[in-house]
Amino acid sequence: MTSDLNTETIVEMTQEVWTALLADDGHLRPGGHGGGAMAASISISGVWNGTACLTCSEPAARHAAAVMFGMSQAEITDEEVHDAIGELINVVGGNIKGILPGPTELSLPTVHADEPFAVPTDLELGWEVNFTWLDEPVGVTVWTGQVDPAFA
Amino acid sequence: MSAVATDFSYLQQLVLNRSAIVLSDDKEYLVESRLSPIARELGLEGVDAVLERLRLTRERALEDRVVEAMTTNETLWFRDVHPFNALRRTVFPEIIARRAPYRQLAVWSAASSSGQELYSITMLLAESFPQVMDWHLSLHGTDLSSEMVNKARAGKYTTLEINRGLPATMMVRNFDRDGSNYVLKDEVRRMTTFRQMNLAEPWPTLPKYDLILIRNVLIYFDLPTRKKILESAARCLDPNGYLFIGSSETMMGVTDVFEAATADGATFYRLKGKQ
Amino acid sequence: MKALVVDDSRSMRTIVSRILRGVGVEEIVQAENGQEAIQVLETGGIPDIALVDWHMPIMNGYEFVCAARKVPEWRPMTIMMVTTENEHGQIVKALAAGATEYLIKPFTPDALVDKLSLLGLNPLTGALS
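Chains as they are written, first to last, in our numbering: chain A, 1 to 152; chain B, 1001 to 1275; chain C, 2001 to 2129.
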């Protein structure tokens, strides 16, 4: 029952978020190496369990925060950068949750600022989509855990 | 970006007055890309020069071009709100009372794009006039682009599209989720028919419609073509029918077969001397 | 017109507030969660509209709608949920609890303005009719 979630849907949804919140006009393109120093994750629990994670480089995160806060990159604080990528994964994760079997609950986002995102040991990598945004890496990964047997 | 802030507020005001569409502040980035082609075509130096000329001359045709360029791709549900208030409160109650003995009703959305206008009307009828649901309803949409016709037939929309002006109660009642998209329920989709049609070419035989909407499309045609389109529309409009054009569009200087009426904040047209 | 923007994300509060200012809303108050929003209502008077996220710590947006609708003096306030929560059942639940409108994240600035027009916002004066 997770058949509706696939790489193409993740690409579309992430691009929609970029268009809406970052006024991005087609610059977020699938492909690239992924990675980056910044990460934010959100977990989904219920009949489907897992975690969605957004990673990106520090310049990408700073640029996103500058657009969202309507300020220049020089004025943006670290706290604002964290808030911005937390909200981005919140919206991406919420949309991923929407196409998974429900009911499920969405957690609040966690921003992994000092430590890199450590994958919980009970989760497996389900999907990994890398993007390039204005020459900077952006990535979305979805880690899956236990699925209620009724939906497996 | 060469357009300075004061130019943008001027543009916001112009677009609002002419089309009832609000250009939010963060649309300023669109000015350059949308208006430079007009500048090039007119042989003007740039976007600033276009706005300067607008301010000085108030040329209606140039205003039309600029407003259209700034609002293009605005396909949304219940676009402009007021026309739909007029349909709900004034136009449909009158049509339905008159049509009750025949139990039939015909509507044509003549620039149906991806379907939002015709589906808005269909949902409005289902919600506010449930008594007509078992009438013979002809709900027709046509568009120049067969790609748009196919999209309209599919009735499938992204979150960004579904968010544009569709009341939440109507969304939950009429749409199902399909992956990350929203799809109109079959019973709504089945009530409508979409076909490809070029308004500028000779028209096929059409039924007499009680309501015709030719909104935000006349701008693309020259004056003689606009006249031809509106006069053809007059011939397939029921003598007691209603015609809506875009909120920023005018009949003035185009044709005099219609006369304007207003209700509920909207302007619409009826055949002259027929009421 | 006065608006209350309730979201735990400061970037989202900033985006929503910027759009509201763009259509002439003069007074905008922000709150980080439902409980803070209730305090604003108790002490600062009621806004014409509250734009409320769903998933927030301490008191979420749904709980806020339920709590706010229990107070008769606050009934005139329009409540629009602005949230990534997009399950049909949840949307119905929020509307049934008294939310007036619902906007799903992600939304473009136009989409928020369209919803405000649906609710009768006059973009020239920033007033709800």
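To be clear, the hints were calculated from the coordinates, so they are not data collected in a lab.
Treat the hints with care, since some could be wrong.
The calculated DSSO-like cross-link candidates involving lysine-lysine, where the alpha carbons are at most 30 angstroms apart (straight line), are [what the hints assert, rightly or not]:
#1 K1185(B) to K2093(C)
#2 K1208(B) to K1228(B)
#3 K1185(B) to K1208(B)
#4 K1185(B) to K1151(B)
#5 K2093(C) to K1156(B)
#6 K1151(B) to K1208(B)
Computed beta-carbon distance windows for the label pairs [as the list claims (entries may be wrong)]:
#7 I1038(B) to E58(A): 39 to 49 angstroms
#8 R1053(B) to G70(A): 25 to 35 angstroms
#9 A1263(B) to D78(A): 54 to 64 angstroms
Heads up, incomplete: computed chain C residues facing chain B, CB under 10 angstroms, no partners named [stated by the list, open to error]:
#10 V2023
#11 E2027
#12 A2099
#13 K2105
Backbone N, C-alpha and C fix where the C-beta goes; we use that ideal spot for every residue, glycine too.
* Asked: What are the numbers of the hints that this structure violates, sorted from low to high?
  -> 11
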